[in-house]
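Produce the entire structure from the sequences given, and follow the hints as far as they go.
Numbering (the numbering used here), first residue to last: 219 to 356.
It should be emphasised that the hints constitute simulated quantities derived from the structure, not laboratory data. Mixed in with the good hints there might be a few duds.
Under the rule of at most 16 Å between Cα atoms (straight-line distance), these lysine to aspartate or glutamate pairs were calculated in the EDC-like manner [claimed, not checked]: (1) Lys292 to Glu278; (2) Lys331 to Asp346; (3) Lys348 to Asp335; (4) Lys261 to Asp228.
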Amino acid sequence: PQLPNNAPTDPQYSYANYYFQAVDKNSTNRDTAWQFLKFITEKESIARLNKERKAIRALEFPSPRNDMAADFEKDAVAGSIVYYSAVAKTWYMADRADDGEGGINNNVTSLYKAQIDKGKTSKTFADDLKSLLAKYQL
Numbered sequence: 219p220q221l222p223n224n225a226p227t228d229p230q231y232s233y234a235n236y237y238f239q240a241v242d243k244n245s246t247n248r249d250t251a252w253q254f255l256k257f258i259t260e261k262e263s264i265a266r267l268n269k270e271r272k273a274i275r276a277l278e279f280p281s282p283r284n285d286m287a288a289d290f291e292k293d294a295v296a297g298s299i300v301y302y303s304a305v306a307k308t309w310y311m312a313d314r315a316d317d318g319e320g321g322i323n324n325n326v327t328s329l330y331k332a333q334i335d336k337g338k339t340s341k342t343f344a345d346d347l348k349s350l351l352a353k354y355q356l
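Below, the structure written as structure tokens:
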């Protein structure tokens, strides 16, 4: 998500979550896995996967490669993602993340869920959220 800019002098703020792929150093197929990761991140592979995805779902995923950003500039949805990704800052929350009982994602989700279940925001919500984030040194 990005925060609104009400004036041209307002700074641009955008937040994003990132993902990565890795290979376990103890994997018995480590070399093959690295070859696959190299293949799957090549421009041609990404373009081919997106072409197939678009044929099935009518939706492409923006490329993780900066050198492919121009391919998405005119796309109504992906264009804004690519545009704002250049200034995006990472955030700790991620969709569909289960980081366990002590994890930040689950704890913040629980805090918000409690507010939703009450049907209103409690007077202590802001302080509760600050306290929770402080546990993670945020």
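Quiz item: Among all the numbered hints in the text so far, which are the ones the structure does not match?
Solution: Hints 3, 4 not satisfied by this model.
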